[in-house]
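As they're listed, the protein sequences go chains A and B. Take the first sequence: its position 202, counted from the start at 1, is 202 in the working numbering, and no numbers get skipped. Take the second sequence: its position 69, counted from the start at 1, is 69 in the working numbering, and no numbers get skipped.
The hints are simulated quantities; they were obtained by calculation from the structure and are not laboratory data. Hints are supplied without guarantee of correctness; some may be wrong.
What the hints assert, rightly or not - Computed cross-link-like contacts, DSBU-like style, restricted to lysine-lysine with a CA-CA straight-line distance of at most 30 Å: (1) B/Lys35 / B/Lys61; (2) A/Lys39 / A/Lys177; (3) B/Lys81 / B/Lys41; (4) A/Lys177 / A/Lys140; (5) A/Lys39 / B/Lys65; (6) B/Lys3 / B/Lys65; (7) A/Lys140 / B/Lys11; (8) A/Lys70 / A/Lys39; (9) B/Lys3 / B/Lys81; (10) A/Lys134 / A/Lys177; (11) B/Lys65 / B/Lys11; (12) B/Lys11 / B/Lys81; (13) B/Lys41 / B/Lys11; (14) B/Lys61 / B/Lys3; (15) B/Lys65 / A/Lys70; (16) A/Lys177 / B/Lys65; (17) A/Lys177 / B/Lys11; (18) A/Lys177 / B/Lys35; (19) B/Lys61 / B/Lys11; (20) B/Lys65 / B/Lys41; (21) A/Lys2 / A/Lys70; (22) B/Lys61 / A/Lys70; (23) A/Lys140 / B/Lys41; (24) B/Lys41 / B/Lys3; (25) B/Lys81 / B/Lys61; (26) B/Lys61 / B/Lys41; (27) A/Lys140 / B/Lys65; (28) B/Lys11 / B/Lys35; (29) A/Lys177 / B/Lys41; (30) A/Lys70 / A/Lys140.
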Amino acid sequence: MKVGVVTFPGTLDDRDAARAATHAGTTAVSLWHNDADLKGVDAVILPGGFSYGDYLRCGAISRFAPVMEKVIDAANGGMPLLGICNGFQVLCEAHLLPGALTRNHELHFLCRDQQLEITNNQTAWTSAFTVGQKIVIPLKNGEGSFQCDDATLAMLEGEGRVIARYVGDNPNGSRNKIAGITNERGNVVGLMPHPEHAIDTLTGPTADGLAFFTSVLTAMVK
Amino acid sequence: MAKIVVDVMLKPEILDPQGVAVSSALPRLGFNFAKSVRQGKRFEIEVEGDATPAQLAEVEKAAEKLLANPVIETFTVRVEK
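Please work from the sequences and hints to get the whole structure.
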């Protein structure tokens, strides 16, 4: 089971994402933004960071990187695809997920351990959780406020496509405290907080994040 | 040489925290005229010769695809003398 981790110029969390994938029992494969080749991977992670310096809009330029053409095609064909933080922004810019991530409502860059509630365990990346499960993983972003129009919000809520919500106060002004969403098929997931930084208690606040990466193993075995 | 200007603004219903911050900083400096402030982006694109309708149409396409995100933003394209 091979999980590709894309590195764009300015990506920060590719190593932790690869480590998380390895820890979960999959084989991590590095993918370079400028290669239009997925090297035969079964799933892809777009990790966090500041790809292309966040110039123009977060994720706006990465979305047109050569590797993304293949990633988008594969995701439309059902390949599991997880976008974390900047990766979530790329997925929205690529229109694989609806909505957009905008500047945190209080303008501060946030970096803290954040409690989330899992609200959908029917996706490729959340099947190892139970609905209602509370987890704690790091949240670190400047532009993590999930925004969309009312019709899109109603659609996401109506179809159960919100996969995780912030518990407690709303850290960044996201509509309905949305921390993560999925596409209609459940193979593409975007998440603002960072599960790859919480896969063991030696390096993270908890090991709660690991289940995202073990979930995809189940999705690929199916 | 002509200059094509693309102005990009967040849609009115999208929260603009930067505009809000500017709006609350103005009165602290004694400027009390602003009911609200919205912050946007301006792109200045230089082209050889006069801007043709075909070029403007291309710029429109580029704005739709790259310069603006139609999910949260609107844009206008014009030629500046």
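Practice prompt. State the violated hints by number, sorted upward, taking the hints as numbered earlier in the document.
Written response: As far as the earlier hints go, 1, 2 are violated by this structure, in ascending order.
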